[in-house]
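*Asks:* Sequences are here, hints too, so could you generate the full structure?
2 protein chains.
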Amino acid sequence: MSLPQLLGTELPLIQAPMAGVQGSALAIAVSNAGGLGSLPCAMLAPETLRAELGKIRAQTTQPYNVNFFCHRPPEPDERREAVWRQSLAHYYREYDIDPATIPAGPGRRPFDAATADLLAEFRPPVVSFHFGLPDEALLARVRSWGARVLSSATTVEEARWLEARGVDAVIAQGLEAGGHRGHFLSDDLTSQAGTFALLPQIVRAVRVPVIAAGGIADAAGVRAAMALGVAGVQVGTAYLLCPEATTSAVHRAALQSEAARHTALTNLYTGRPARGIVTRLMREQGPLSHLAPPFPLATSAVAPLRAKAEAAGLGDFTPLWAGQNTSGCRAVPAAGLTRQLMDR
Amino acid sequence: MSLPQLLGTELPLIQAPMAGVQGSALAIAVSNAGGLGSLPCAMLAPETLRAELGKIRAQTTQPYNVNFFCHRPPEPDERREAVWRQSLAHYYREYDIDPATIPAGPGRRPFDAATADLLAEFRPPVVSFHFGLPDEALLARVRSWGARVLSSATTVEEARWLEARGVDAVIAQGLEAGGHRGHFLSDDLTSQAGTFALLPQIVRAVRVPVIAAGGIADAAGVRAAMALGVAGVQVGTAYLLCPEATTSAVHRAALQSEAARHTALTNLYTGRPARGIVTRLMREQGPLSHLAPPFPLATSAVAPLRAKAEAAGLGDFTPLWAGQNTSGCRAVPAAGLTRQLMDR
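Chains F and G, in that order, are what the protein sequence lines are.
Those letters in the first sequence? Residues 1 to 344, per our numbering, in order.
Those letters in the second sequence? Residues 345 to 688, per our numbering, in order.
Note that these hints are calculated values from the structure, not bench results.
Don't take every hint at face value.
Taking beta-carbon pairs under 8 angstroms as the criterion, some of the chain F residues facing chain G (in silico) [said to hold, decoys possible]:
{"no.": "1", "residue": "176"}
{"no.": "2", "residue": "204"}
{"no.": "3", "residue": "221"}
If we take Cβ atoms under 10 angstroms as the criterion, some of the chain G residues that face chain F in the derived model are [as the list claims (entries may be wrong)]:
{"no.": "4", "residue": "540"}
{"no.": "5", "residue": "545"}
{"no.": "6", "residue": "548"}
{"no.": "7", "residue": "558"}
{"no.": "8", "residue": "560"}
{"no.": "9", "residue": "562"}
{"no.": "10", "residue": "569"}
{"no.": "11", "residue": "571"}
{"no.": "12", "residue": "607"}
{"no.": "13", "residue": "626"}
{"no.": "14", "residue": "631"}
{"no.": "15", "residue": "668"}
{"no.": "16", "residue": "672"}
Pairwise CB distance ranges, derived in the manner of DEER restraints [said to hold, decoys possible]:
{"no.": "17", "chain 1": "F", "residue 1": "120", "chain 2": "G", "residue 2": "684", "range": "48 to 56 angstroms"}
{"no.": "18", "chain 1": "G", "residue 1": "418", "chain 2": "F", "residue 2": "43", "range": "46 to 54 angstroms"}
{"no.": "19", "chain 1": "F", "residue 1": "340", "chain 2": "G", "residue 2": "504", "range": "25 to 33 angstroms"}
{"no.": "20", "chain 1": "G", "residue 1": "658", "chain 2": "F", "residue 2": "100", "range": "51 to 59 angstroms"}
{"no.": "21", "chain 1": "G", "residue 1": "448", "chain 2": "F", "residue 2": "291", "range": "31 to 39 angstroms"}
{"no.": "22", "chain 1": "G", "residue 1": "437", "chain 2": "F", "residue 2": "164", "range": "42 to 50 angstroms"}
{"no.": "23", "chain 1": "G", "residue 1": "504", "chain 2": "F", "residue 2": "99", "range": "41 to 49 angstroms"}
{"no.": "24", "chain 1": "F", "residue 1": "253", "chain 2": "G", "residue 2": "530", "range": "20 to 28 angstroms"}
Beta carbons are placed, not taken as given, at the ideal position from N, Cα and C, and that holds for glycine.
*Replies:* Below you can see the structure in the form of structure tokens.
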């Protein structure tokens, strides 16, 4: 079965879900243009998720994807949090922030039964996961309304693991990809391969369709990925400048500057390695710090710095998520970009 | 000008020079098959280099490439060397090696005037460099017999730097590539991009032909790279099992095992980051150590461990250089592999 047949779309193209920089508007635009639009749900409260799903249903009759994280929430550790905040103390002083006023608490919730119940009302045709899969009962619930299930693999082992658990397609996420790495069987970053190396190995290892992600930014990139045997592509970064994205002003400016050529994996913003444009925080702390508490607990300590810096027009503490190839970013409506990506 | 026109070859394919695992035999086989065979010269004494060049001239009339390193030799630092050896002391005890008997000294020399004089006798048609370029006088000497000059770029900045100094083509080395990273303007490894992200950016940044390297292991990979706009490809890892390569038994065994799926950049073997299959030494010390002395000084302390372990059939201390995509390795003659790589 081809990827368009599997997903019910015209094009073998998924718009990558990008939490924090897009909502239903981008998903709707891409779905209406023939691709599979995606709604990133990891950071949405139930009432917001419901509202977003309502908008999608009202504004497109085409298939769409909802995306969730499957992490295991960590136990907060007061001492670790204190050490982490201590390492940021000079920034708090610089921005006149009283660390005692910073609320703790996670910024992202994993997929759970309440969310499955909410989704059941809308029966989204495609549900994709990051960091593995939810447990079998939850997955059965998602399948109960006929949803296609996708998840990300960053290694051959993860692709086989996902196939064995019945996913309909595997998203092979190369090291070039922006945002959070999807690895879930090992957190050894040396196991993460570039798209060129990863695709042929995963294509050979599984029978389900493989979707390429990471570094694909234009029509030539789509053709190159298809030449490596994948059934389709997932593109994120290229959409970040579209008017339908909610990408912040500092983020848009960084994407259009020379700074965009230097990205790194960093755990400073959330606790999990994610790729973004190198910022002051990443430069000064080192992009990967053993002091950062586990995902998603690192988020709260940086949040007030981000807010104050952004208010001053600075992206110094903002997660400027982007892949290694920003050359395809265009400030054009997402429908046009979608068609351009699929130009033969 | 197309790459075959520039190089005088039939095919737009360069066999990557791989010091330590091949000599003239592989270069001759690839050149005779229509590609550009390469002789890695960084580890060759003058008399060996002369003998190898003699063999190439006797056994092919086709163009070939000679490859050199352009590092600046570091000052040996006794204290640093002592700390480095101390970190390996438990291995010396395990293998009953007296560290006092280990000779110091570099294992690789940069390109110099004496080498240029030797080359002038043979007038090799292509000369490629790694870690930048030699100084202008040396480069002029190489150009004096009409040699085409190539060098590796790992970033857009390096590609522009090389173009400004007159290289005939730029080898864009993606992060997937095996062996030594070619970076020379910055040693910040976060600046290193995957092939999928690097190629379109370098293709856009320079006017000279771009040659793709890193993760290209079969005909589909060649087609994918060409789709990204490059003029040709450089393939290394896929040739490692060819009978013409001098790849050791432990290295061949590792390449054909599941272990080959996990490579990492390591500076433990030479002092510079290079990609190889993860070994016991890399696992136990961490692949990147701040204790390793600068390139190429780290080599000598590990050498006796490597020798003793290999004598016992173990690759635990052997640099098992390989790229992230070993799926194209075939134990077939290099001529056949060369033609297969260019299958349409």
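*Asks:* All the hints need checking, so say for each whether the structure fits it.
*Replies:* How the hints compare with the structure:
Of the supplied interface hints, the one on residue 176(F) holds, with its beta-carbon coming within about 4 angstroms of a beta-carbon of chain G, less than 8 angstroms. Because the beta carbon of residue 204(F) sits about 6 angstroms from the nearest beta carbon in chain G, less than 8 angstroms, this interface hint is met. Taken as an interface hint, residue 221(F) checks out: its beta carbon lies about 7 angstroms from the nearest beta carbon of chain G, inside 8 angstroms. Hint status for residue 540(G): holds, given a least beta-carbon distance of 3 angstroms to chain F, under 10 angstroms.
For the restraint placing residue 545(G) at the interface with chain F, the shortest Cβ-Cβ distance is roughly 5 angstroms, inside the 10 angstroms limit, so the hint holds. A cut of 10 angstroms between beta carbons decides the hint on residue 548(G): the least distance to chain F is about 6 angstroms, and the hint holds. At its closest, the beta carbon of residue 558(G) sits 7 angstroms from a beta carbon of chain F; the interface hint therefore holds under the 10 angstroms criterion. Contact between residue 560(G) and chain F, as hinted, is supported at the beta carbon level, the nearest pair being about 7 angstroms apart and thus within 10 angstroms.
Annotation: interface hint on residue 562(G) holds; nearest CB of chain F at approximately 7 angstroms, less than 10 angstroms. Annotation: residue 569(G) was flagged as interfacial toward chain F, and the flag holds, the nearest CB pair being 7 angstroms apart, inside 10 angstroms. At about 4 angstroms, the closest approach between the beta carbon of residue 571(G) and any beta carbon in chain F falls short of 10 angstroms, and the interface hint on this residue holds. The interface hint given for residue 607(G) holds, since its Cβ lies 8 angstroms from the closest Cβ of chain F, which is under the 10 angstroms cut-off.
Below 10 angstroms, beta-carbon pairs count as interface contacts, and residue 626(G) has one with chain F at about 9 angstroms; its hint therefore holds. Here the hint on residue 631(G) is kept, as its CB sits about 6 angstroms from the closest CB of chain F, short of 10 angstroms. For residue 668(G), the suggested interface contact is upheld, since its CB lies about 4 angstroms from the closest CB of chain F, less than 10 angstroms. Given hint, residue 672(G) at the interface with chain F, holds; its Cβ is 8 angstroms from that chain's nearest Cβ, closer than 10 angstroms.
Checked against the hint of 48 to 56 angstroms, the pair residue 120(F) and residue 684(G) passes, with Cβ atoms roughly 51 angstroms apart. Between residue 418(G) and residue 43(F) the beta carbon distance is about 48 angstroms. The supplied range of 46 to 54 angstroms therefore holds. Checking the proposed 25 to 33 angstroms range against residue 340(F) and residue 504(G) shows it holds: the Cβ atoms sit about 27 angstroms from each other. Between residue 658(G) and residue 100(F) the Cβ separation comes to about 56 angstroms, which falls inside the hinted range of 51 to 59 angstroms.
Checked against the given bound of 31 to 39 angstroms, the beta carbons of residue 448(G) and residue 291(F), roughly 38 angstroms apart, stay inside it. The hinted window of 42 to 50 angstroms between residue 437(G) and residue 164(F) holds, with their beta carbons roughly 44 angstroms apart. Taking the beta carbon of each, residue 504(G) and residue 99(F) are about 44 angstroms apart, inside 41 to 49 angstroms as hinted. A hinted range of 20 to 28 angstroms holds for the C-beta pair residue 253(F) and residue 530(G), which are about 23 angstroms apart.
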